[in-house]
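With our numbering, you'll find the sequence shown wraps up at 459, consecutive numbering, no jumps.
A couple of the hints might just be wrong.
[Stated by the list, open to error] With a cut-off of at most 30 Å between alpha-carbon atoms, the simulated BS3-like pairs for lysine-lysine come out as follows:
1) K347 x K388
2) K388 x K336
3) K347 x K281
4) K380 x K336
5) K302 x K347
6) K426 x K302
[As the list claims (entries may be wrong)] Taking CB as the label site, the calculated pair distances span:
7) S350 x G170: 47 to 57 Å
8) R442 x S350: 22 to 32 Å
9) H146 x L456: 56 to 66 Å
10) L326 x Q416: 25 to 35 Å
11) T148 x K347: 21 to 31 Å
12) N303 x S420: 11 to 21 Å
13) D165 x R137: 14 to 24 Å
14) K380 x Y289: 20 to 30 Å
15) K347 x G162: 50 to 60 Å
16) L322 x K426: 31 to 41 Å
17) S428 x R386: 13 to 23 Å
18) P325 x E381: 33 to 43 Å
In short, the hints are calculated from the structure, not lab data.
Just so you know, even glycine gets a beta-carbon here, dropped at the ideal spot from N, CA and C.
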Amino acid sequence: MSSALTQQPAYRLPPSASSSTSDINAAPDADSKKKTGTKRRRPQDGTSDSADSSSQPPRTREGPKKKKANRACFHCQKAHLTCDDSRPCQRCVKRGMADNCTEGHRKKAKYLLDEEELAQPDPPYVPPDPMFPSSYTASAPFSLGSEGANLEYSILSAILGNSPDPTGPPNSGSPSVSHAPQPSAPFNGQPDIGAGSAISGGAQGAAAVYQAVTKPYDYTEGYHFLMKHLPTRFDKNDILRIVRALAIFRPSLIALQMPLSEEDEVFVEKCFQRSLIELDKLVSFSGTPTVAWRRTGEICLVGPEFCMLTGWEKEELVGRRKYIYELFENQSVVEYWENFANHAFENTTQSVYSHCVLLKPSGTPVPCTFCFSIRRDIMDLPSLVIGQWLPLL
Numbered sequence: 067m068s069s070a071l072t073q074q075p076a077y078r079l080p081p082s083a084s085s086s087t088s089d090i091n092a093a094p095d096a097d098s099k100k101k102t103g104t105k106r107r108r109p110q111d112g113t114s115d116s117a118d119s120s121s122q123p124p125r126t127r128e129g130p131k132k133k134k135a136n137r138a139c140f141h142c143q144k145a146h147l148t149c150d151d152s153r154p155c156q157r158c159v160k161r162g163m164a165d166n167c168t169e170g171h172r173k174k175a176k177y178l179l180d181e182e183e184l185a186q187p188d189p190p191y192v193p194p195d196p197m198f199p200s201s202y203t204a205s206a207p208f209s210l211g212s213e214g215a216n217l218e219y220s221i222l223s224a225i226l227g228n229s230p231d232p233t234g235p236p237n238s239g240s241p242s243v244s245h246a247p248q249p250s251a252p253f254n255g256q257p258d259i260g261a262g263s264a265i266s267g268g269a270q271g272a273a274a275v276y277q278a279v280t281k282p283y284d285y286t287e288g289y290h291f292l293m294k295h296l297p298t299r300f301d302k303n304d305i306l307r308i309v310r311a312l313a314i315f316r317p318s319l320i321a322l323q324m325p326l327s328e329e330d331e332v333f334v335e336k337c338f339q340r341s342l343i344e345l346d347k348l349v350s351f352s353g354t355p356t357v358a359w360r361r362t363g364e365i366c367l368v369g370p371e372f373c374m375l376t377g378w379e380k381e382e383l384v385g386r387r388k389y390i391y392e393l394f395e396n397q398s399v400v401e402y403w404e405n406f407a408n409h410a411f412e413n414t415t416q417s418v419y420s421h422c423v424l425l426k427p428s429g430t431p432v433p434c435t436f437c438f439s440i441r442r443d444i445m446d447l448p449s450l451v452i453g454q455w456l457p458l459l
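Based on the provided sequences and hints, a complete structural model is requested.
Rendered as structure tokens:
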């Protein structure tokens, strides 16, 4: 009885439960078999499973590898191509240069040279045929203190045809140089600097300017002439407009001129005359009617095109105390002084554009479009005005 009571009853699991337990026990076994599986090895016979690799045979280099030559020939060395040891080489034979196939020259390093080779002087340098004859640079009368500046001026003189010996035989290797006409201004050693005449001639003209300018320029005389000239041509309203325009910038000019010494004013005048020399060269290359004058209106430089446009002679305008407003029609004079007053101390890189009516010596009007720019000197004073015109057809 006691053994029967202590014996535990046997319970049977349902089919679903027994199958689930068997699946759980079988899962670790499958994972262990998967881990212990061997990797697939690639066949060693060089074949591949893919159809593409089996269809394309491996690429092989046709023929023997090209051997590099110890020393290339001259043509292969110049073209930086691989050469062979045979002479003539195959490349020169193919290109029809077998007759000229020679050994290329290789420069030795200095530490490989012998004593005799080091003692030999270098071959003399033969310069190429210059563009301009040597007489242009050898006898050029420029003494600017710099070889580069002297050379540039010599080349420019050669281009312009200012050769010291124009009748000499031209160089066979140099191109023909066209002799451009140059505006010439006579210089007798004592130029009328006060009258505003321009001096030309490069460094010689600059030296003459520095020697000739000994006193400052008197600008008050130009304004006195303007005050005397206004009642002879204008009515009261126009005179009042011009005087108001002068009152805008004249106080600033006087304030800037007060701290200047006489040496400063002489230096400013030398710079002004020196700038006219460079401006004269620039105007000679321009085809636009151009005139340069002082802030008082006195004409200092006239281009030949302006003389063709208006009929005035250059000798009548330069060096005769001629003022630019004398060549303007009355309304153009008033507008000029008003524009000058508004832009006298503004940006010097900008130009003022307007209309202008020029007067010929006979009084015939010439309608034009007009622009002018104001240049200031080293003391920041408006000193030079450059005007250009184009006729209205």
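Straight-line alpha-carbon gap K302 to K347, limit 30 Å: Distance ~42 Å between K302 and K347 Cα, so the pair is violated.
Beta-carbon spacing of L326 to Q416 - inside the hinted bounds 25 to 35 Å or not: Since L326 and Q416 have Cβ atoms about 26 Å apart, the given range 25 to 35 Å holds.
Range hint compliance [Cβ, S350 to G170, 47 to 57 Å]: Roughly 54 Å apart at Cβ, these two residues keep to the hinted range, so it holds.
Satisfaction of the hinted span 33 to 43 Å by the C-beta atoms belonging to P325 and E381: holds, 38 Å
Cβ separation of K380 and Y289, checked against the hinted range 20 to 30 Å: Between K380 and Y289, where Cβ atoms are some 25 Å apart, the hint holds.
CB-CB spacing for K426 and L322 relative to the 31 to 41 Å hint: holds, 37 Å
Distance restraint hint 22 to 32 Å, applied to the beta-carbon atoms of R442 and S350: Given about 24 Å between the Cβ atoms, the range holds.
Cβ separation of N303 and S420, checked against the hinted range 11 to 21 Å: holds, 19 Å
Given pair status - K388, K347, alpha carbons within 30 Å: holds, 22 Å
Restraint status (C-alpha distance of K388 to K336 at most 30 Å): holds, 21 Å
Consistency of beta-carbon spacing, K347 to T148, with hint 21 to 31 Å: violated, 57 Å
Satisfaction of the hinted span 13 to 23 Å by the C-beta atoms belonging to S428 and R386: Hint holds: Cβ distance 18 Å, inside 13 to 23 Å.
Consistency with the previously given hints fails for numbers 5 and 11, ordered from lowest to highest.
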